[in-house]
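Using the sequences plus the hints, can you model the full thing?
There are 2 protein chains.
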Amino acid sequence: MIMEYEDDAIVIDCGVMFPDAEMLGVDLVIPDFSYVYERAEKVRGIVITHGHEDHIGALPYVLPKLQTPVYGTKLALGLIRARLEEHGLLGDADLREIQPLQELRLGAFQLKFFHVCHSIPNGVGIAITTPVGTVVHSGDYKFDQTPVDGIGPDFHTLGELGGRGVLAVFGDSTYADRPGYSDSEQVIYESFESVFAEASGRIIVSTFASLISRIQQVMEVSAEYGRMVAVVGRSMETNVPRAIDLGFLDPPDGVLIDKDDIDHVEPEELTIICTGSQGEPTSALARMANRDHRLIRIQPGDTVVLSSSPIPGNEELVNRTIDRLFRQGANVVYEKIKPVHVSGHGSQEELKLLLGMLRPEYVVPIHGEYRHLVHHARLAESVGIPADNVLIAENGDIIEFTSTSGRIVDKVPAGYVFVDGLGVGDVGAEVLRDRRRLAGDGILIAAITVDRRTGALIDEPDLISRGFLYEPESSDVLDRAKKLLGQTLESEASTEPDWTYLKSKVRNTLGRRLYAETRRRPMIISVVTEV
Amino acid sequence: MIMEYEDDAIVIDCGVMFPDAEMLGVDLVIPDFSYVYERAEKVRGIVITHGHEDHIGALPYVLPKLQTPVYGTKLALGLIRARLEEHGLLGDADLREIQPLQELRLGAFQLKFFHVCHSIPNGVGIAITTPVGTVVHSGDYKFDQTPVDGIGPDFHTLGELGGRGVLAVFGDSTYADRPGYSDSEQVIYESFESVFAEASGRIIVSTFASLISRIQQVMEVSAEYGRMVAVVGRSMETNVPRAIDLGFLDPPDGVLIDKDDIDHVEPEELTIICTGSQGEPTSALARMANRDHRLIRIQPGDTVVLSSSPIPGNEELVNRTIDRLFRQGANVVYEKIKPVHVSGHGSQEELKLLLGMLRPEYVVPIHGEYRHLVHHARLAESVGIPADNVLIAENGDIIEFTSTSGRIVDKVPAGYVFVDGLGVGDVGAEVLRDRRRLAGDGILIAAITVDRRTGALIDEPDLISRGFLYEPESSDVLDRAKKLLGQTLESEASTEPDWTYLKSKVRNTLGRRLYAETRRRPMIISVVTEV
Numbered sequence: 015m016i017m018e019y020e021d022d023a024i025v026i027d028c029g030v031m032f033p034d035a036e037m038l039g040v041d042l043v044i045p046d047f048s049y050v051y052e053r054a055e056k057v058r059g060i061v062i063t064h065g066h067e068d069h070i071g072a073l074p075y076v077l078p079k080l081q082t083p084v085y086g087t088k089l090a091l092g093l094i095r096a097r098l099e100e101h102g103l104l105g106d107a108d109l110r111e112i113q114p115l116q117e118l119r120l121g122a123f124q125l126k127f128f129h130v131c132h133s134i135p136n137g138v139g140i141a142i143t144t145p146v147g148t149v150v151h152s153g154d155y156k157f158d159q160t161p162v163d164g165i166g167p168d169f170h171t172l173g174e175l176g177g178r179g180v181l182a183v184f185g186d187s188t189y190a191d192r193p194g195y196s197d198s199e200q201v202i203y204e205s206f207e208s209v210f211a212e213a214s215g216r217i218i219v220s221t222f223a224s225l226i227s228r229i230q231q232v233m234e235v236s237a238e239y240g241r242m243v244a245v246v247g248r249s250m251e252t253n254v255p256r257a258i259d260l261g262f263l264d265p266p267d268g269v270l271i272d273k274d275d276i277d278h279v280e281p282e283e284l285t286i287i288c289t290g291s292q293g294e295p296t297s298a299l300a301r302m303a304n305r306d307h308r309l310i311r312i313q314p315g316d317t318v319v320l321s322s323s324p325i326p327g328n329e330e331l332v333n334r335t336i337d338r339l340f341r342q343g344a345n346v347v348y349e350k351i352k353p354v355h356v357s358g359h360g361s362q363e364e365l366k367l368l369l370g371m372l373r374p375e376y377v378v379p380i381h382g383e384y385r386h387l388v389h390h391a392r393l394a395e396s397v398g399i400p401a402d403n404v405l406i407a408e409n410g411d412i413i414e415f416t417s418t419s420g421r422i423v424d425k426v427p428a429g430y431v432f433v434d435g436l437g438v439g440d441v442g443a444e445v446l447r448d449r450r451r452l453a454g455d456g457i458l459i460a461a462i463t464v465d466r467r468t469g470a471l472i473d474e475p476d477l478i479s480r481g482f483l484y485e486p487e488s489s490d491v492l493d494r495a496k497k498l499l500g501q502t503l504e505s506e507a508s509t510e511p512d513w514t515y516l517k518s519k520v521r522n523t524l525g526r527r528l529y530a531e532t533r534r535r536p537m538i539i540s541v542v543t544e545v
Numbered sequence: 015m016i017m018e019y020e021d022d023a024i025v026i027d028c029g030v031m032f033p034d035a036e037m038l039g040v041d042l043v044i045p046d047f048s049y050v051y052e053r054a055e056k057v058r059g060i061v062i063t064h065g066h067e068d069h070i071g072a073l074p075y076v077l078p079k080l081q082t083p084v085y086g087t088k089l090a091l092g093l094i095r096a097r098l099e100e101h102g103l104l105g106d107a108d109l110r111e112i113q114p115l116q117e118l119r120l121g122a123f124q125l126k127f128f129h130v131c132h133s134i135p136n137g138v139g140i141a142i143t144t145p146v147g148t149v150v151h152s153g154d155y156k157f158d159q160t161p162v163d164g165i166g167p168d169f170h171t172l173g174e175l176g177g178r179g180v181l182a183v184f185g186d187s188t189y190a191d192r193p194g195y196s197d198s199e200q201v202i203y204e205s206f207e208s209v210f211a212e213a214s215g216r217i218i219v220s221t222f223a224s225l226i227s228r229i230q231q232v233m234e235v236s237a238e239y240g241r242m243v244a245v246v247g248r249s250m251e252t253n254v255p256r257a258i259d260l261g262f263l264d265p266p267d268g269v270l271i272d273k274d275d276i277d278h279v280e281p282e283e284l285t286i287i288c289t290g291s292q293g294e295p296t297s298a299l300a301r302m303a304n305r306d307h308r309l310i311r312i313q314p315g316d317t318v319v320l321s322s323s324p325i326p327g328n329e330e331l332v333n334r335t336i337d338r339l340f341r342q343g344a345n346v347v348y349e350k351i352k353p354v355h356v357s358g359h360g361s362q363e364e365l366k367l368l369l370g371m372l373r374p375e376y377v378v379p380i381h382g383e384y385r386h387l388v389h390h391a392r393l394a395e396s397v398g399i400p401a402d403n404v405l406i407a408e409n410g411d412i413i414e415f416t417s418t419s420g421r422i423v424d425k426v427p428a429g430y431v432f433v434d435g436l437g438v439g440d441v442g443a444e445v446l447r448d449r450r451r452l453a454g455d456g457i458l459i460a461a462i463t464v465d466r467r468t469g470a471l472i473d474e475p476d477l478i479s480r481g482f483l484y485e486p487e488s489s490d491v492l493d494r495a496k497k498l499l500g501q502t503l504e505s506e507a508s509t510e511p512d513w514t515y516l517k518s519k520v521r522n523t524l525g526r527r528l529y530a531e532t533r534r535r536p537m538i539i540s541v542v543t544e545v
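Top to bottom, those sequences are chains A and B. The numbering used here runs 14 ahead of the 1-based position in the first sequence. The numbering used here runs 14 ahead of the 1-based position in the second sequence.
Think of the hints as simulated: they come from the structure by calculation, not from any bench. Fair warning: there could be bad hints in the mix.
The list cannot tell twin chains apart, which means a pair is met if one copy fits it or any two copies do.
Claimed, not checked - No farther apart than 20 Å at their CA atoms in a straight line, the calculated lysine to aspartate or glutamate pairs in the EDC-like style are these:
| no. | residue 1 | residue 2 |
| --- | --- | --- |
| 1 | K350 | E363 |
| 2 | K517 | D46 |
| 3 | K496 | E531 |
| 4 | K56 | D46 |
| 5 | K79 | E487 |
| 6 | K496 | E544 |
| 7 | K352 | E329 |
| 8 | K519 | D473 |
| 9 | K88 | D259 |
| 10 | K350 | D197 |
| 11 | K517 | D476 |
| 12 | K350 | E383 |
| 13 | K519 | E504 |
| 14 | K517 | E329 |
| 15 | K352 | E383 |
| 16 | K350 | E329 |
| 17 | K352 | E363 |
| 18 | K79 | E18 |
| 19 | K79 | E99 |
Right under this line is the structure:
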């Protein structure tokens, strides 16, 4: 999101998206920043609301093309540093720490940060006062009255802003289709207490490495039940010491042990906190589920807790992990069985509460998929915002505000840029189309040698298939196709070979025959050698 | 599932599974029946509990190899006929109708069918009396006290069976992790009434084509609100007339209209029932969402109801469909927003109720994934079945019962057979591995021409890539790789070319270079022509 006023602009958050099932082979999806790059000289800074990947993950790809300061809270900057370091970009970055309640002037914009509760500590919303009015960006938030770190929602600032008058609210819509209030992190204690009271062996808790408050809770309950805690999994092993250093995680004295000492502790005195709550194939938990983890082998009596919700699209992976853990004799506790996870996003009543406190003239639902924006829009109308003042905007839409009006005035290109390995943007629609085709029916390569002058076939054609059919069993299908191709090409021999014609002949002949025999459409590539 | 006693055997149900995300390009998954085929002469019949695809869908693949009668209720046979007809197999099939409460002797087995409530009418469970005791197969069931067709659960037969003594229950576990009771189909009326009362334009209801009772409900509520009903989508247009013919669907007089007359009816007087509740890309609803349907274009004011739950793995497709419908201005009502769907499977209390009525000595949880079997096993233990008498079996496990014992004694191969197009079983682990590889990073074909005698390179190598990188933009990557390959092969020329060595040289040279430059690992195929 970019905000512009005359010669000044600020960017708010700079995240990644994870690829959906159709984005084959893609590692990450980042926004197309071309509109921002074209205005690079106007940009006074990138302001980060919190340290989740979907808010900071694109920085390593954007900063090299947009030299500007990055503003964030202590924890957010800590996580950004880690990301930039991995990309060897830390030296060049201008990172500036801000605090809740701090004010900051960036060109025409006067920013004030206020604390919000979310599934990572040290998150903020931002009130941005511009010459035409104040715009409030909610960040990701819920109204948790009893958060683990004791820092509740900043009702004071919100009330004050509302009293002074707010032009527009840009509000988190992720849970706009869920009625009521989201539960406080506090309810986790109860669920964990009951799990810990019942467990007789090791307890293995898997959660998001950024969910510091959850990690804190597991450590506290472990200490209470006389268990030591080991931390396992790459991002968990990175984040925990960092969060301790920065003061956001406070393990009870003596509770933490090294993961290499796991086997020296009695099962009933051990808790393991690990990555893998989304079933990610290379995570610690997935490795345990596959009996492929270097240190930990699941044994009957282990209790595994998935303290998370599957992110949409990950359900199959998560379910498979749960099944595999059960098969090895673990007792698996997951959200469906016990409330071992609560969301960090506010539900409908919280969204209304924010709007009620800020009483904005305009509402722009942000974050979440289209249906969530629609539900958020309906909530806004239900609390009295006129329908014309609720603006459902999608990526690329330009909203223009004056002190008396707000409307979507234009649309600029703002699609996705795919990151695959080291390539940023070299995988596009065409490459994905090919990958989908290859994934569906495989490939058939026809190697053909023809006489340079006569175009006559030299030797019979050779067919190589991959991902199409199992050759040892289906070689007759290919043999028949090869024979047909040979006959067709021989009858076609002419004085002057036309490669384009030849290739399309090969594709059509093979394609039709193989579809008739198999009802599959492998990609067909012909390699023609002229001699 | 096959049951054997000395020289007799029966098969219960014969279904398909739908491929998961890793089974690329696979259309259907059927069970490996080799164990059954080997005993074909013992098989006295295939007994079908109900007409869902996961219980009948493999018949067209199995019957040609296993000539035996198929027993099922009227509706199940009606649906089986449709399937067999599509495969041109109807002439050869021996289909025999059975009724609830009917008894049937098949070799050593005395079968008694009893009605169960499920999300398709005319479903049965089966009590199978064998020389060593009575085994009850639950079919798919819930205890719906107020079903739409008025035919409630057969408590009488269940009670009688329990009174006489049951050796083992094979019970549906699909919802074993859900507490309480599943809702009656009756609750759907209330939700639909409120949707119909609020809607001012057309109402489009998408559900499973086999969910006849839901279709009946939509028709009844439509009649009540003065709406005509059109049926759209291939399986819906097949099933509705068939269900009417067979007496399982009874549309109110004059409510049904032809889909081609849709445009002659006022929006507020029209309901459309269609396929696509799982977001299947070629379904009627997905086409509407993509503005690609021949007859129906979504317009603001339309209300779309998804009367279904996403089957795990389909969440992304369903969500995308919902978003697209919202984008076109429809109001979309789905399970999360309003209870417009209830499950056809019993929850924990119903599973306990069945066991309480039957009081079996042994329980074998069936249907559902592994975690559901575990939860069902726990429920069985909670109602007093000794843990040793609860047998969690997986595909291929052989359970041996005597009148006094039951245990898993052996395991036979019983994996999956993949159906892809016309091929049954020719797509196996290797083909899928190749497809995953191709899907992830694409393919690179290296065409190389060498001198037959000297092995010397003739011409520079040619590289063709698909699904790897976007060539017009990244041609320098390929140019560099081509040059490197040329140099490497030239330095390797020897008197006698060794193809295996040459191919591995090509693969290694290109693979290493491209991984270093792109961090991708396309499949590399070399096509070597000797001249």
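- request: Determine which of the earlier numbered hints do not hold for this structure and return their numbers in increasing order.
  value: 2, 14
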